[in-house]
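Chemist: Read off the chains here:
2 protein chains.
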Amino acid sequence: MKNKNNCIIGQSGGPTVAINASLSGIIQEILEKNLYGTVYGMVNGIEGLLQGKYLNLSSAFDTREKLDQLAMTPSMFLGSCRFKLPACEDAESIYTSLFDFFEREQIKTVFYIGGNDSMDTVLKLSSYAKIHDKPVNIIGIPKTIDNDLPLTDHTPGYGSAAKFVATTLLEIAHDTYIYNIPSVTIVEIMGRNAGWLTAASALARTSYSPAPDLIYLPEVPFDKEQFINDVKKLKERRKNIIVAVSEGIKDKDGNYISASHLAADAFGHKQLCGAGKALENLLKDALGCKVRAVEINVLQRAAAHSSSLTDLHESVLIGQNAAQLGYEGATAKMMCYQRVSDSPYTLEVFSTDISQVANQEKVIPRSWISKEGNDITNAFLEYAKPLILGEPQIPYQAGIPDYCNIAHLHQKGYFD
Amino acid sequence: MKNKNNCIIGQSGGPTVAINASLSGIIQEILEKNLYGTVYGMVNGIEGLLQGKYLNLSSAFDTREKLDQLAMTPSMFLGSCRFKLPACEDAESIYTSLFDFFEREQIKTVFYIGGNDSMDTVLKLSSYAKIHDKPVNIIGIPKTIDNDLPLTDHTPGYGSAAKFVATTLLEIAHDTYIYNIPSVTIVEIMGRNAGWLTAASALARTSYSPAPDLIYLPEVPFDKEQFINDVKKLKERRKNIIVAVSEGIKDKDGNYISASHLAADAFGHKQLCGAGKALENLLKDALGCKVRAVEINVLQRAAAHSSSLTDLHESVLIGQNAAQLGYEGATAKMMCYQRVSDSPYTLEVFSTDISQVANQEKVIPRSWISKEGNDITNAFLEYAKPLILGEPQIPYQAGIPDYCNIAHLHQKGYFD
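Heads up: the sequence lines are chains A and B, in that order.
For the first sequence, position 143 (counting from the first letter as 1) is numbered 123 according to our numbering, and the numbering increases by one without interruption.
For the second sequence, position 298 (counting from the first letter as 1) is numbered 278 according to our numbering, and the numbering increases by one without interruption.
Among the hints, erroneous ones may be present.
Identical copies go unnamed one by one, so any copy, or any two together, can satisfy a pair.
[What the hints assert, rightly or not] Cut-off 20 Å, straight-line C-alpha distance, at most; resulting in silico cross-link-like pairs (EDC-like, lysine to aspartate or glutamate): (1) Lys365 x Glu85; (2) Lys219 x Asp265; (3) Lys212 x Asp396; (4) Lys64 x Glu341; (5) Lys215 x Asp133.
Just so you know, these hints were derived from the structure itself, not from any lab.
All values derive from a computational prediction rather than experimental measurement.
From just these sequences and the hints, can you work out the full model?
Modeler: Below, the structure written as structure tokens:
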């Protein structure tokens, strides 16, 4: 019998390679257990929905094959937005318009997959529903390569980004070790206020390669003199030095270590560029040896060809659990990972009140960073190691990965 | 019975992910067929050998497992150099020193794996041997991600770099398509005078993604006005535009399109930086929309985790053939690929006189570039497609690739 309760899923924020895995997990669980009637998808998150843009996911993903391909496709199948939902008292018409839509389409649950700012949307929508007694449940599913959400052991998307950063760092080390001339290579890694992804570069260390030799994180105030001394000291005993640095390093006054181009996005976050380049110039002046800065750039959030199987599996799992929880009538929740044990690594999914999470950032504990502030400790390594394990069998077609059609929104006129 | 004729192998120039595959192929063939007594390796190419640095490869790679791991390891196991061998009349002592060493160690064949500049070394050494009647054969094995060597259908290393560029370009497209705001992404790809690798970005095109929408190569003089017009015209019908640009684009007077930092290496090549950044600034002024430049950087020559199986197989094969040819007494040769047929793609290895090759660059034929100079034609696609096919099973350990110890030269004191 046709289930009359429908649901809708949205994706928001920056891309990761696992955000479609969570989308796939939600749809899988719903179709398999017939939890809802129709599964809709917002186009470009809440912002697109406010323009009346949505689509039917039940019919788009009617086979297991399509859902499996979706789970390995980087970026967001539903498109994204960077839209800050205004407070209800400032823009009630936005809320009435959304909840009128939910009522009209018999939508009982909204699943919203995103990072910090998306959880703010989950909080606001669920508060509105509660105050106005609307029969709509709102569930947040985390995702971010930054791994900066509280309460969850880690975030979907982080493990794959960490794996790509570590793999890349090792390969850059290979590129560096071959000349008998001194060099310093600075690798700039994403992370505005939390250094989780930069710290993951330490997973590149092998029995033969100590790279990265130095790691600088936003959690510790960056001191230029100390940095130059760190490199000088290492140069006495090592020919080729590799430094991992977060794009978000700041001096003791909180100013970013980067030269220029600081603009702010809708959430007031400053767009960074150039921490690596700034350190390159600093060292060139101070050392006079070969120095180069490498920016891994958007690849760290897009390189699905190097995904972590653990991350993809968990991201599907958290989506499946979200579907079940929504069906059971929970609301104002964010799904979380709980690590049950380190060895063997086991994990469970639970949920937490969204008010505990929204608008908060989790940074690396100071005790997981070396006393000198230029490396991480073993505690971090033990934490991060399991998250990058396993390599999925990405399907290839004509020598490149065979992903889902991510341009379908363009082709179907949603972006006109 | 112990074979008394020894040989030595050197690696030189910039890294690729397939240069150790050719090294592995040479050693495999020699050990399997007992072609030589001891296989030596120069440390840091000819430059290191002149300082008396070499090692024993027969004992280092005494199992098939080790040789297979070597074949999948990026960069150069033997280290590299960027050393221009002076002409004999300017530095005879260098040549007598080298050939005294060959005589002392009973070295009958020198295998030198490298790009354009390394083939110059092969030419000079073999000319000296001929003139001075030295019983030493010199064989060149090509490698370069630039694919700019003449006579060979393509070069070892190119297919893997092309596969990484195409894969990455597709993943950058995924990163780009999700926002409903106009944007231009400029992807800067390696290639000083030849645009082969930038052209390979076209292999990223799928049934759903036309990226890259525009391709600019060093083979065609770059015109800023034309470029801005190309982008403006596309913007009328496409929201997110992706441009692939070679680091080596030049204006009609031969000046590089990049702002600053032009230094020259030992071969007089200018070190480039910033073609992508230069175009970004150009478009920001002209269009006023979101523009970002992405540099793929050293990853395109180091990302062995994304190797082309075809490239690795062929690179081993060309090494095996070189070993056989050297054993048979040939000299002053460079190994080449000949494409026997396109469909099915089949290939043979042959050799050519080194004098035909050294100090020449092969660029993309003008007929393989669109009339407007902003794209490639189908003829290029047909040529390049087979080269990126197949994915090797890279072994992983703790979530990162399990490569050969590339830092062994550091650890054994060769770099002190």
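Chemist: None of the hints should be skipped; say for each whether it holds.
Modeler: Consistency of the hints with the structure:
Taking identical chains as interchangeable, the C-alpha atoms of Lys365 and Glu85 are never at most 20 Å apart, the minima being 44 Å within one chain and 47 Å between chains. Taking the shortest Cα distances, Lys219 and Asp265 sit within 20 Å of each other inside one copy (18 Å), while across copies they are farther apart (42 Å). Taking the shortest alpha-carbon separations for Lys212 and Asp396, only the inter-copy value of 17 Å comes in at or below 20 Å, while the best intra-copy value is 55 Å. In this homomeric assembly, Lys64 and Glu341 come within 20 Å of each other (Cα to Cα) only inside a single copy, at 17 Å, whereas the closest approach across copies is 54 Å.
In this assembly of identical chains, Lys215 and Asp133 lie within 20 Å of each other by CA distance neither inside one copy nor across copies; the values are 37 Å within and 43 Å between.
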